[in-house]
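There are 2 protein chains.
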Amino acid sequence: MTQDPAATLAALAAALPAGILSTGAAIGEAHWHDWSDQDPVPPLALLRPRSTAEVSTALVALGRLGLAVVPQGGMTGLAGGAHPSAGAVALSLERMNGIVAIDEIGLTMTVEAGTPLAAVQAAADAVGLQYPVDLGARGSCTIGGNLSTNAGGVRVIRYGMTRENVLGLEFVLADGTVVDTLNTMIKNNAGYDLKQMLIGAEGTLGIITRAVLRLQPKPTTVATALCALPDFDAVTALLKQLRRRLGPALTVFEGMWPSFHDFMADALPLARKPFARPHGAYVLVEASGFGEETIQDRLEVALADLIEAGVLEDVVIAASERDARDLWTVRESVSEYGRILGRILGYDLGVPIHAMGALVVALETEIPARFPDARTLCYGHVGDGNLHVVVNVPSAGLHQPHDEVDAIVYALTGRFGGTISAEHGIGTLKKPYLHLARSPEALDVMRRIKRALDPAAMLNPGKLLPDP
Amino acid sequence: MTQDPAATLAALAAALPAGILSTGAAIGEAHWHDWSDQDPVPPLALLRPRSTAEVSTALVALGRLGLAVVPQGGMTGLAGGAHPSAGAVALSLERMNGIVAIDEIGLTMTVEAGTPLAAVQAAADAVGLQYPVDLGARGSCTIGGNLSTNAGGVRVIRYGMTRENVLGLEFVLADGTVVDTLNTMIKNNAGYDLKQMLIGAEGTLGIITRAVLRLQPKPTTVATALCALPDFDAVTALLKQLRRRLGPALTVFEGMWPSFHDFMADALPLARKPFARPHGAYVLVEASGFGEETIQDRLEVALADLIEAGVLEDVVIAASERDARDLWTVRESVSEYGRILGRILGYDLGVPIHAMGALVVALETEIPARFPDARTLCYGHVGDGNLHVVVNVPSAGLHQPHDEVDAIVYALTGRFGGTISAEHGIGTLKKPYLHLARSPEALDVMRRIKRALDPAAMLNPGKLLPDP
Chain A
0 MTQDPAATLA ALAAALPAGI LSTGAAIGEA HWHDWSDQDP VPPLALLRPR
50 STAEVSTALV ALGRLGLAVV PQGGMTGLAG GAHPSAGAVA LSLERMNGIV
100 AIDEIGLTMT VEAGTPLAAV QAAADAVGLQ YPVDLGARGS CTIGGNLSTN
150 AGGVRVIRYG MTRENVLGLE FVLADGTVVD TLNTMIKNNA GYDLKQMLIG
200 AEGTLGIITR AVLRLQPKPT TVATALCALP DFDAVTALLK QLRRRLGPAL
250 TVFEGMWPSF HDFMADALPL ARKPFARPHG AYVLVEASGF GEETIQDRLE
300 VALADLIEAG VLEDVVIAAS ERDARDLWTV RESVSEYGRI LGRILGYDLG
350 VPIHAMGALV VALETEIPAR FPDARTLCYG HVGDGNLHVV VNVPSAGLHQ
400 PHDEVDAIVY ALTGRFGGTI SAEHGIGTLK KPYLHLARSP EALDVMRRIK
450 RALDPAAMLN PGKLLPDP
Chain B
0 MTQDPAATLA ALAAALPAGI LSTGAAIGEA HWHDWSDQDP VPPLALLRPR
50 STAEVSTALV ALGRLGLAVV PQGGMTGLAG GAHPSAGAVA LSLERMNGIV
100 AIDEIGLTMT VEAGTPLAAV QAAADAVGLQ YPVDLGARGS CTIGGNLSTN
150 AGGVRVIRYG MTRENVLGLE FVLADGTVVD TLNTMIKNNA GYDLKQMLIG
200 AEGTLGIITR AVLRLQPKPT TVATALCALP DFDAVTALLK QLRRRLGPAL
250 TVFEGMWPSF HDFMADALPL ARKPFARPHG AYVLVEASGF GEETIQDRLE
300 VALADLIEAG VLEDVVIAAS ERDARDLWTV RESVSEYGRI LGRILGYDLG
350 VPIHAMGALV VALETEIPAR FPDARTLCYG HVGDGNLHVV VNVPSAGLHQ
400 PHDEVDAIVY ALTGRFGGTI SAEHGIGTLK KPYLHLARSP EALDVMRRIK
450 RALDPAAMLN PGKLLPDP
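Protein chains in written order, with numbering that gives the first Met the number 0: chain A, 0 to 467; chain B, 0 to 467.
Think of the hints as simulated: they come from the structure by calculation, not from any bench.
One should not assume that every hint holds.
Given that identical chains are not distinguished, each listed pair holds provided it fits within a single copy or across any two copies.
Unchecked claim - Simulated pairs of lysine to any residue, SDA-like, Cα-Cα distance not exceeding 20 Å:
# : residue 1 : residue 2
1 : K239      : G65
2 : K449      : D174
3 : K239      : K272
4 : K217      : R297
5 : K272      : L64
6 : K217      : Q240
7 : K430      : Y336
8 : K430      : S21
9 : K430      : P460
Chain A on its own, in the form it takes in the complex (with noise of 0.2 Å):
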């Protein structure tokens, strides 16, 4: 941009179908922030393209004014992938809202990349299928950005992350290119899957316009138990056992440490607390069932039997989907944090799972050990290896001691083994310790994919990929 901004805004009004750009007070504030609790950066213009056809337009007009843009989704990301960056136009999707297409027999769903995870739900859902992906911002986060950062959940041990539930996308490239491999079938094996690229890659080599999703049966009965356990090895035995008794249909598989689950027991306002005392590991299980199969039953005698064995110390079994609504109360309490704890530092690690337990220990002497009254909350999704940890360093009030709290999480996590981002991706926030999680030579290669689709760094510069 070698203009002053309101020539180079007038420039690129006047390179642009009328009606899909806002600038100053007109962009709303929902467009300066993500939810990674970074501070609020007004993007240089905003744009709200209607069609594939507008977002190509709206790149190469970029493109020749030298602009960067930050492709914009739901706005939920913790790792700042689309918050806007100073002096960077943002492109909200959130106009390409909609189904295309729905395949009843193929199992596939086309949409457009502004469509909110849940309508994408509720629309397989109406006829009687699933997309089995699913996390607490449904709601709000959309398919584009689901598929930007491949996100996960809580069904990724049955279903796989977003990446394996989808078929085919639609793209723009920085040049404006449209790329058409909307691909509906299981199997194609015509040349490189090129939508792997822009599957988690937060919008760095292109921005997504429509995907093919696959959905999935729906069960016709879920069982949910809590299950309360002495340690980490119990929750290793009970993920063998019920694996190999349940197979498929083992769908959810959440553990909590008593770092966690207790002290959140405690602080939520819970109508009854679920154990009596206290144990030393919980683990929320859902098991599915299809057409005739009793699930319900399989799963009592299952814990039954993991009760006989020590395997367990106590569980719940939920007897109406009230009651398991009310086991997923702690674990999905994440939106309480702030009340409950003020500011915080939060952590998606990925670590094998024979890693987990001692990985948690580490983290709950070392932390304490630097800031005697931090906080360290552990949870995750087991199933995956994937462990979320909340840290809250109550003396440190507005000013939570970023860099010394990763810098300890991630050297422990490297030590088990682990990496920096499970589901949530790299954005801003973790882009100083990628070089832990990946060697150089894989970081030369994401650079040369880079160089190659998006030569002029145009496309959400500064995210994801440190600098050489």
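Chain A is already provided as a structure; the job is to place chain B on it using the hints.
Below, chain B alone, put in the same frame as chain A:
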């Protein structure tokens, strides 16, 4: 290659560790051809490295000498991806064969690329788990080849392609750079998922040397049935019902049209025919049960209901493992084609499931319209929208009309929204038709990625990617 071949080979020998280079008559004929029915081509030389470091050294040496390299696995490919190119060196991964590690709680297996699929399956089975990718060539094909072609097989409906069953890769770029992305976690969103570009690239972007595979719980019981139906509409009704009633317990759904089933059932030396009279369509179904589940009962009840409802005309349910093997006989008779039909033309089409019936009708009309004595045998992985077509024109003998039948088949495939390769890849045989399945923009992106990773076009030149 500017020198004469003897001088080039001498220079190559000097640059390589002892014991990995073979030339002339020392190159086994197994390295002259794959299963793609093309004329054998002796490679200029054969390299059989014993380690990733030796693969890297070899690629650096080949690059300095301007030599192209064709990576080779088990040589079972049907599209020509591993078939030698004149003047190129073959690099076989056969000595890099072995299981490196198994994680029974994380459900991963780390293997060298040259390990045969059957050895991986056996190693998983030995610890009470399964590696679910399965295909006829299991005894000969290798994991490296499975990955490079994104192999499919008979259980894709439940477990996905090879891509869905791998967590990490180690690979070597054309310039000798070793890239370690041997991730062992289900979730790892730390930057671009580079392994995805190597999977299905047929050795054109790098040479895969190791992989971390995903294992699955092993079913405790498997039920198998062969169904007879009036027509393809009933096949889609059966698929819909079984998905709804069995969910993920449905692990095989293999369709056979009468052109395939009745012809092969007559031609094979079967002890008894499965059905007393011919039917309009056949489906081989497998359901897998875990733990307490009585999957045999569930499948039997479902199929009895579907006979009642008129979806099925007849059904044979296996009462033993031996029965089950017998029910697979016709479906797995691929190796008998040569003996029964002589020289054949084979196709591996992907098409939306709802269009499969109409595509078969069109193929079985238009091919005989052009070649009156032609036989057109149709079967496939209906649950995945993958149709295999075998054509033989008896009057053409050894000179089957490749080009004309290709043109008919691929034109019809395009008309019904299909793809020219569902699971076999592109190689050399399908390269002339890739433009029918991929847009010019997609082909351009493929070329940009190829140039970024292999600027001298040294890896498997002439394969997969058409010249611009």
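With identical chains, the pair K430 and P460 could be close in the same copy or across copies; at 20 Å between alpha carbons, which is it: within, between, both, or neither? Answer is within: at 12 Å inside a copy they meet the 20 Å cutoff, but 36 Å across does not.
One pair to classify: K217 and R297, alpha carbons no more than 20 Å apart. Within, between, both, or neither? Result: close both inside a copy and across copies, 19 Å intra and 17 Å inter.
I want to check one pair: K217 and Q240. Are their C-alpha atoms no more than 20 Å apart within a copy, between two copies, both, or neither? Close across copies (12 Å), not inside one copy (24 Å); limit 20 Å.
Q: Give the relationship of K430 and Y336 under a CA distance limit of 20 Å: within one copy only, between copies only, both, or neither.
A: Classified as neither: same-chain Cα gap 25 Å, cross-chain 56 Å, threshold 20 Å.
Given a CA cutoff of 20 Å, do K272 and L64 count as a within-copy pair, a between-copy pair, both, or neither?
Classified as neither: same-chain Cα gap 60 Å, cross-chain 72 Å, threshold 20 Å.
Legend entry - Homo-oligomer pair classification [K272, K239; C-alpha up to 20 Å]: neither (27 Å within a copy, 43 Å between copies)
Between the shortest in-copy and the shortest cross-copy C-alpha distance, which are at most 20 Å for K449 and D174: within, between, both, or neither? Both: 13 Å inside a copy, 19 Å across copies.
Practice item. With 20 Å as the alpha-carbon cut-off, assign the pair K239 and G65 to within, between, both or neither. Key: neither (54 Å within a copy, 52 Å between copies)
* To do: Could you place K430 and S21 in one of the four classes (within, between, both, neither) given a Cα distance threshold of 20 Å?
  => neither (30 Å within a copy, 47 Å between copies)
In summary, the structure is inconsistent with hints 1, 3, 5, 7, 8 from the numbered list given earlier, while agreeing with the others.
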